[in-house]
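Asker: Read off the chains here:
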Amino acid sequence: MNLYFLVEGKRTEKKVYPAWLGHLTPFLSEVKRFGEVDSNNYFIFSGEGYPSLLDIHLPNAIKDFKATEKYDVLVVALDVDESTPENRTNEVVCKAIESGLPKEQLRIIPQNCCIESWFLGNPRVISAGTQSQRLAEFLNHYNVRSDDPELMPVMSGFNTKSQFHYEYFKEVAKNKNFNYSKYKPGHVVDATYIKELKQRVAKSDQMDTLGGFFSLCEEIENRSV
Amino acid sequence: MQLLSLKFNDPQAGWQLEEVEFFKDITLLVGLSGVGKTRILDSIGQLQQIAQGKSDSGNWGRSWEICFKESGDEYHWSGEFESRSNGNVQGSYFGPLPGYAEEKRPKPKILSEVLMKNEIEIARRTEGEIILSDTPTPKLPQKESILHILREEEHIADASRGMEAILYVNHSNEPLTSLRYLFPLHDWEAIREKLKTLDLIRQEDIPTILKLALAYEHCPDVFSGIISQFKEAFPYVEEAEFEFVDDGGPFDKAGRIVLREVGVAKPIPEESISSGMLRTLMHLSRMELWPDGTVVLIDEFENSFGINCINFVTQNLVAHSNRLQFILTSHHPYIINNVDMKNWKIVSRKGSTVSVQGSSLLDGASSHETFLQLLNLPEYAEGIAVE
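So the sequences go chain by chain: A and B.
Last residue of the first sequence: number 225 in the working numbering, and the count goes up by one each step with no gaps.
Last residue of the second sequence: number 612 in the working numbering, and the count goes up by one each step with no gaps.
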């Protein structure tokens, strides 16, 4: 099975998805040029945070996807931001169909509300002991250990949910003695990290969109066997 | 001149450039911030200074190899400055330290230097001795390059002239509102009498704004051509002209450019024109008023160009690349998208060693915008590595 990933974000997704796929679907290997795809490969292309993912980058990705005739599935991963997973999914489906991609070849991973929301789902990364005042304020506003990080509302003083989730996770990382940045995501790419996230999804009805990503990985595994 | 390749080593600054080859028309240097794109342009600029015989306290330990074509011949010029014996005094890449004037700083001798023309050695310097066409010369200055001190010699004159044909456009240092200081009237009268044709204006090594004033005086067709292009980017401009005003300073009168705009009653003098507009005018003037074969170095080409003219100046530059050789740096999507990817060179750095490679992973088959394809290349995205 061959997959073409179109991701929205700057550097994070291009580091995190290959790492996570390496843990979850180790039989897949990455190709660096879309035309090099052969068998059990994936190619990942990032919109690098530039606008027009739906209007420009998605139609272009579909052209590349179709031109090679070797890809089975196009995966679009994008932030939900202030929208809803359903709305973001519908937007992608409409645009993909407009560009001539059959729905059965399309998988959408809405990141609700951004990829840092997913990272916040690891309860072990939140220090139980000494916390900075800032982290204590964040936890007081919304406790991501017990409540669904994907549903966390913005805290006053922040412009957007995504901005707040990002800052929240940065603070969590700082309290756990590692630096997190879009360019250097740090421990989130580790196998133990993804294991914790999988457990949380399995044991609760939380983190719906992250669960969608895990389901996709299972589908890949089943179809590749 | 056509710049073919360059190798440069600056041990004081801890910076080494592996051999980079340049395209005949446009070389667009792309890469993450901090990989060393600007330093490559600086190195070419420093070599021009060395070719002009100018000493610089930053030259300690520097070595270079540069290949270029001039008047149909291929030159290979290499050399090395002496190193500091104590090795603990930092170079002056960022200019002399405050309170310690550059002229007082010690300058290095050139230890070795070779000039080859079409693979035949023309001149060599070793251990203080210079051999010109197999003949030792009398003792000559040791801190000035053979390209400078022997510039009158046959076989060297063309090489020396070639290295003159480099124009380094640095937007952050470009004087814009200093036109009045660039041509006080008494100089102006003399130069106006001397340079009366487009060819003479192009050949003279003077600031572009002065060339534009001369075009206004002597080549109205060329001037109006530049202004009509300018009006494409700024359609509300009606007219542009030079005027001479009482400066109140030491020069009696001085020249300045003045724009007239639709719906604006008073003419707009140079000092009130926006920097973006002036830079666009200077860019268009440069394209017309520098001679064929000039190597134009432009750092961060997009700087100060507004969104309404960046497309225009990029297309204009591409159109002139059959006459001028451009070596540019840019981060701007529009510029990168509009320069053919075969003209890209991706700059990366490992520790202090900078290397430049072609865009090997780009085969032109993808439908994505070329700028985004570049950003997705591993050699771009991972362009800075630790040793």
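To be clear, the hints were calculated from the coordinates, so they are not data collected in a lab.
Among the hints, erroneous ones may be present.
Only pairs whose alpha carbons sit at most 30 Å apart, straight line, appear in this in silico BS3-like list of lysine-lysine [stated by the list, open to error]:
| hint | chain 1 | residue 1 | chain 2 | residue 2 |
| --- | --- | --- | --- | --- |
| 1 | A | Lys198 | A | Lys184 |
| 2 | A | Lys103 | A | Lys63 |
| 3 | A | Lys203 | A | Lys176 |
| 4 | B | Lys567 | A | Lys63 |
| 5 | B | Lys456 | B | Lys421 |
| 6 | B | Lys575 | A | Lys184 |
| 7 | A | Lys32 | B | Lys575 |
| 8 | B | Lys342 | B | Lys232 |
| 9 | A | Lys182 | B | Lys575 |
| 10 | A | Lys174 | A | Lys70 |
| 11 | B | Lys567 | A | Lys70 |
| 12 | B | Lys342 | A | Lys170 |
| 13 | A | Lys32 | A | Lys184 |
| 14 | A | Lys95 | A | Lys170 |
| 15 | B | Lys575 | A | Lys14 |
| 16 | B | Lys567 | A | Lys66 |
| 17 | B | Lys567 | A | Lys15 |
| 18 | A | Lys182 | A | Lys14 |
| 19 | A | Lys14 | B | Lys567 |
| 20 | A | Lys95 | A | Lys66 |
| 21 | A | Lys32 | A | Lys15 |
| 22 | B | Lys567 | A | Lys32 |
| 23 | A | Lys195 | A | Lys184 |
| 24 | A | Lys15 | A | Lys66 |
| 25 | A | Lys174 | A | Lys184 |
| 26 | A | Lys203 | A | Lys63 |
| 27 | B | Lys364 | B | Lys329 |
| 28 | A | Lys203 | A | Lys170 |
| 29 | B | Lys332 | B | Lys342 |
| 30 | A | Lys70 | A | Lys14 |
| 31 | A | Lys174 | B | Lys575 |
| 32 | A | Lys95 | A | Lys70 |
| 33 | A | Lys15 | B | Lys575 |
| 34 | B | Lys364 | B | Lys232 |
One side of the interface only, derived from the structure: several residues of chain A facing chain B at Cβ under 8 Å [what the hints assert, rightly or not]:
| hint | residue |
| --- | --- |
| 35 | Lys32 |
| 36 | Phe34 |
| 37 | Gly35 |
| 38 | Ser46 |
| 39 | Gly47 |
| 40 | Glu48 |
This one's a predicted model, so the numbers in the text were calculated from it and none came from an experiment.
Backbone N, C-alpha and C fix where the C-beta goes; we use that ideal spot for every residue, glycine too.
Asker: So, against the hints stated earlier in the document, which numbers end up violated here?
Answerer: 10, 12, 14 and 26
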